[in-house]
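Colleague: These are the residues of each chain, in order.
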Amino acid sequence: MIPQSVLLAIVLAPLFGAVGAGLFGRQIGRAGAHTITILGVALSCALSCWVLWQLVTGGAPTFNGNVYTFFEVGRYSAHVGFLVDRLTAVMMVVVTFVSLLVHVYTIGYMADDPGYQRFFSYISLFTFSMLMLVMSNNFLQLFFGWEAVGLVSYLLIGFWFKRPTAIFANLKAFLVNRVGDFGFLLGIAAVVYWTGSMDYATVFERVQAGVLEGATFSPWAGAAWDVTTFICVCLFIGAMGKSAQVPLHVWLPDSMEGPTPISALIHAATMVTAGIFMVARTSPLFENAPAALEFVLFIGATTAFFTGLIGLVQNDIKRVVAYSTLSQLGYMTVALGVSAYGAAIFHLMTHAFFKALLFLAAGSVIIAMHHEQDMRHMGNLRRYLPLTFWTSMIGTLALVGTPFFSGFYSKDVIIEATKHAAESGNFVHHYAKWLVLAGVFVTSLYSFRLIYLAFFGKERFVVDASHGGHGHGSAHDDHHDDHHGHHTPGHLAHPPHESPWVVTLPLVLLAIPSVAIGFLTVQPMLFGGFFDGAIFVKPEHDMVARIGEHFGSPLTFGLHGFVTPAFWLALGGFAAATLMYLVKPELAGRARAAFAPVVTVLERKYGFDDFYQAVFMRGSVRLGRGLWRGGDVAVIDDGLVNGSADVVDRIAGLVRRAQSGYLYHYAFSMILGLIVLLGFFAWPR
Amino acid sequence: MTADWPLLSLLVWLPIVGGALVLGFGADRAREARWAGLVVALATLLLSIPLYTDFDGSSAVMQFVERHEWIAAINAWYHLGVDGVSVALILLTAFCTVLVLVGAWESIEDRAHQYVASFLILEGMMIGVFAALDALLFYVFFEAMLVPMFIIIGIWGGPRRVYASIKFFLYTFLGSIFMLVGLVYLYLKAGNWELAQWALLPLNATEQMWLFFAFLVAFAVKVPMWPVHTWLPDAHVEAPTGGSVILAAIMLKIGGYGFLRFSLPVTPDASQEWAWLVIALSLVAVIYVGLVALVQEDMKKLIAYSSISHMGFVTLGTFIAFALVREAGNADAARLGLQGAMVQMVSHGFISGAMFSCVGVLYDRMHSRMIRDYGGVANSMPWFAALFVLFAMANSGLPGTSGFVGEFMVIIAAFQANPWFAVLAGLTLVIGAAYTLWLVKRVIFGEVANQEVRELKDIDAREAFVLCAFAVAVLLVGVWPAPLIELMDASLAALADHISAGKL
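Note that the protein sequences, when read in sequence, are chains A and B.
So the number in my numbering is just where the residue sits in the first sequence, counting from 1, plus 2.
So the number in my numbering is just where the residue sits in the second sequence, counting from 1, plus 407.
Since the hints were made in silico from the structure, they are not lab data.
This structure is a prediction, so every number in the text was calculated from the model and none was measured.
It is possible that part of the hints are untrue.
Computed list of lysine to aspartate or glutamate pairs in EDC-like fashion (alpha-carbon distance at most 20 Å, straight line) [unchecked claim]:
hint, chain 1, residue 1, chain 2, residue 2
1, A, Lys460, A, Asp640
2, B, Lys910, B, Glu614
3, B, Lys910, B, Glu550
4, A, Lys460, A, Glu425
5, A, Lys586, A, Asp466
6, B, Lys864, B, Asp771
7, A, Lys164, B, Glu862
8, A, Lys164, B, Asp676
9, A, Lys164, B, Asp780
10, A, Lys164, B, Glu854
11, A, Lys164, B, Asp865
Ranges between beta-carbon positions, derived for each pair [what the hints assert, rightly or not]:
hint, chain 1, residue 1, chain 2, residue 2, range
12, A, Ile30, B, Arg438, 34 to 44 Å
13, A, Arg620, B, Met777, 13 to 23 Å
14, B, Glu513, A, Leu674, 46 to 56 Å
15, B, Ile481, A, Arg620, 29 to 39 Å
16, A, Tyr70, B, Thr460, 18 to 28 Å
17, B, Asp463, A, Ile30, 23 to 33 Å
18, A, Thr204, B, Asn857, 52 to 62 Å
19, B, Thr460, A, Ala223, 32 to 42 Å
20, A, Gly212, B, Met777, 57 to 67 Å
A virtual CB, placed ideally from N, CA and C, is assigned to each residue, including glycine.
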């Protein structure tokens, strides 16, 4: 049995830390702020591990209980409560573990930032929100967590609120997410309408009992939409916003304006995977909506491949990793689209470790480079940052799917599942199958491009003591824009050096699962019925089971990995990167020239941003102005009210003359008279 | 202790009499006047607490009833009583008045005693509106209420205050003239002014239609609904901070309250007949007015348009009840919509009150409401910025704040009436966030815009008290709305039953 008090402690400990650091940051100081938040998250992490342990080995039953009633109106009720099964417990452990490491890392990364306490408060608040999201037992609380992580993301992207780019990016992130949430909310409304409940267990029970089977509705005369498909597509639109799927992906690259620790925690490892989690959680709905699954698959495959391509032309080290995140989220979505929910969660987990690792390593590079993020001013850093280099290398090997690394198991299962789905599928399945394969090449190419540009080759920065004046010795910070002006690209005050232990320790601790977690857990998690009861898959959709038929052991699976097309594609990407960025760097320039139009398209990011800016941003402002000046001012005020306003003016003139400016006396006497009158009549007799 | 007190009379008359006494302090004893006013407002707030604690939320009957003969010749009674809806709004009124008085402690120097008195008198009258069960008494309070607000805008307002106050007065006065005609007709028909009896009075379709429109005009102006909303931005812009707070937090609610008290019970069939019109106007409010809010350059105007947009949810939640209860046969969903409307009213009271208070804090320092004069306020006023962002998020309907609860309930209910209503209303998720957070971006965030912003002082203890009180209310209702909802549930369930029966 898992006691409710433990679950409450898990969510409230980070909240407590957040409130403490946020409201009393000045009193408790920097050390106080990071101590209480880290203690809170550590407690949360330890208890989450315990909960997972209880569920996996202790035979504890799934916890499903309400904590309190949010509202109750007739048959409609909403609660705050927890549903903790293995799916939830895995998410809880991933979230709190990565969060804990990011907390520790932040001590070093934000060491000199004036907003130190505020930052700790935000990331703890994030941990609370994310836990509320994954631990919810109903759609309302899911939506609460969903929007709350969005809020914290907004606050953290705009953490350096003086930077115009940061406060543009956070507004954009919030609004694009709101577009997704709009769909999500409609989905929830539809769930309530057709199943009469917001509680997961009740909803899924009713769905399984067939209340939605064959149900249609007509949004307009003559149309008949399948209800389950409608619900799933609406919910998935929410996932598209949060998990940054095309075409709602535009906010994620810009979110890199936030400090690097949160890029790792929020915009790579956890928050952006909320959409994936949500679809897995609502698998009983999606399983009954094959058309919605195809939509999911199409969006996922498109995202996986095309956003990866953009990663090839980025020069900002964080942006490369960001596009890589988009692409990997696409892979997870593809897994969802072929009903391999377990594989999606598995990839979510391995990705959380290696992508957090890559981001934190990128952060370590950025610290060493005194907040230079442009890879064109890096090079040969492996000499200066050995630990960062090796951990980055591990993260990269995991990302590109090198056999036996964690990413290999999770990604290969997705590719295999897509292949199986294509055997009996239509063109969408084939489209997905080819794109995820091609994506492997792209992943490998941009990943090794990053490694070579940053850590190998010639040093493209100059150590120039005249740019001194920055702090020395620690992972210091010159983010405050006051310092930024002094910065010449590629000029460093002193040679880059390895980061302090608070930064490198999390790298090492993340490198371990990046290597091993796949090997250790692939069998129990994917082929051992781990998610039974938490995730529902129709037997005829169960691609993972088909892979399982041929699955011997993690060892044989890994060995087999050397002869798959995916491996050769990854190797091809590696070879191409080696050739262009290490052996013959001039080739890269020639390739750029040869593919100039393509490069332009990629640099413009397929024009999504330009289009949204022109149509939605400027369009709605223009529309608003038109409605205001044309509607409110011209028609209503000048047109309709003016006629009477003339009369008003004349009356007002009379009143003014009569009272010669003592309007308030007049009005007061009116009030007093009224009171006396009222009092006179109201007096009980 | 309070069991046999005439609690409602005390709540109505204590502030009015207290206000009249405060006038006696004169202009040169402003300090004493402020303290006296605060004591009266606090006493009223204190007295309103038993209204909540002793209220039986499981019953839909009017409670704390007082009934005395008033004008025998026309059978008008001094008849007070409250149901759950009234209790919620009276509490809101008493709460906001205290905060308004504290908020204006230093910013109003000129004739402070009259300022304080106006708000107290206004408070008593607004409570009177929410407690009156006699239509004539309601009307008297409803009209009398305009006078103190007219004075507040006209004396302590901005440069165009005369224009704004007259526009305000005439707009609302014009609306209520129609209502008066309707009330008189009902009196002639029923022979009394009892709201409870009017709800049972048989009325044919034509009568109901005329009455419905008479009420609609009066209350639509108050809410305000598009297209009779243009007085509100002007009134807000010119009103002093306290005036804006009360206007947005309480006076607009009287429109929504009027629909619940008059239109729905007295003319249920006409309300059903014309529900489409109100729903359409509500959706226009949400979208059209939301877009208009987006392009405002004056903070107060922006928040005023935002208020109109949010009040669209109140009218939407109220009028979808008919489709739900009569066409879909789902009285529970109708209750959900009505609850959503009411929660939105209370929540909007807190949020708009807080937003206008925030603008007041800035205005006191910079004497400008123009967005372009600001930028980077967070640099010099971090605590203020934190609170402002909180209220902005509440205004964008973030779950965990009160702004979410009502909108969520209305959208869920609206989907059941017609998915398209939910689609259009749901756009507020994007539009509302856009205009609110764009405002935050331009005012709060960014590099310090100018020397004046650099020198801004963060909020002092008094301002912090006001904003934190609003913040606590916003978060409390956002995290645990159940007590508020239980308070009103029986009353709204009875209303839903009543309208499902109809009169024809």
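Colleague: The structure should be examined with respect to each hint, and the outcome stated for every one.
Modeller: Quick rundown of the hints versus the structure:
1. For the hint pairing A/Lys460 with A/Asp640, the CA-to-CA distance comes to about 70 Å; that exceeds 20 Å, so the pair is violated.
2. For the hint linking B/Lys910 to B/Glu614, the alpha-carbon distance of about 11 Å falls within 20 Å, and the restraint holds.
3. Proximity of B/Lys910 to B/Glu550 is assessed by CA-CA distance (about 29 Å); at most 20 Å being required, the pair is judged violated.
4. At most 20 Å may separate the alpha-carbon atoms for a hinted pair to count; A/Lys460 and A/Glu425 exceed this at roughly 48 Å.
5. Distance restraint check for A/Lys586 and A/Asp466: the Cα-Cα separation of roughly 28 Å exceeds the 20 Å cut-off, and the hinted pair is therefore not satisfied.
6. With a CA separation close to 11 Å, the supplied pair B/Lys864 and B/Asp771 stays within the 20 Å bound.
7. The straight-line distance between the Cα atoms of A/Lys164 and B/Glu862 is roughly 16 Å, inside the 20 Å bound, and the hint therefore holds.
8. Among the hinted pairs, A/Lys164 with B/Asp676 is inconsistent with the structure: their alpha-carbon atoms are about 57 Å apart, more than 20 Å.
9. Of the supplied pair hints, the one linking A/Lys164 and B/Asp780 holds, its CA atoms being roughly 16 Å apart against a limit of 20 Å.
10. At roughly 4 Å between alpha-carbon atoms, A/Lys164 and B/Glu854 fall within 20 Å of each other, so this suggested pair holds.
11. With a CA separation close to 18 Å, the supplied pair A/Lys164 and B/Asp865 stays within the 20 Å bound.
12. One distance hint, 34 to 44 Å for the beta-carbon pair A/Ile30 and B/Arg438, holds here, with the actual separation near 38 Å.
13. Between A/Arg620 and B/Met777 the Cβ separation comes to about 22 Å, which falls inside the hinted range of 13 to 23 Å.
14. Distance hint check for B/Glu513 and A/Leu674: the Cβ-Cβ separation is about 28 Å, which falls outside the suggested range of 46 to 56 Å.
15. At roughly 60 Å, the beta-carbon separation of B/Ile481 and A/Arg620 lies outside the given 29 to 39 Å, and the hint is violated.
16. For A/Tyr70 and B/Thr460, the Cβ-Cβ distance of about 20 Å falls inside the hinted range of 18 to 28 Å, so the restraint holds.
17. With their beta carbons about 46 Å apart, B/Asp463 and A/Ile30 fall outside the hinted range of 23 to 33 Å.
18. Checked against the hint of 52 to 62 Å, the pair A/Thr204 and B/Asn857 passes, with Cβ atoms roughly 57 Å apart.
19. Distance hint check for B/Thr460 and A/Ala223: the Cβ-Cβ separation is about 53 Å, which falls outside the suggested range of 32 to 42 Å.
20. Checked against the hint of 57 to 67 Å, the pair A/Gly212 and B/Met777 passes, with Cβ atoms roughly 60 Å apart.
Hints 1, 3, 4, 5, 8, 14, 15, 17, 19 from the earlier list are contradicted by this structure; the remaining hints agree with it.
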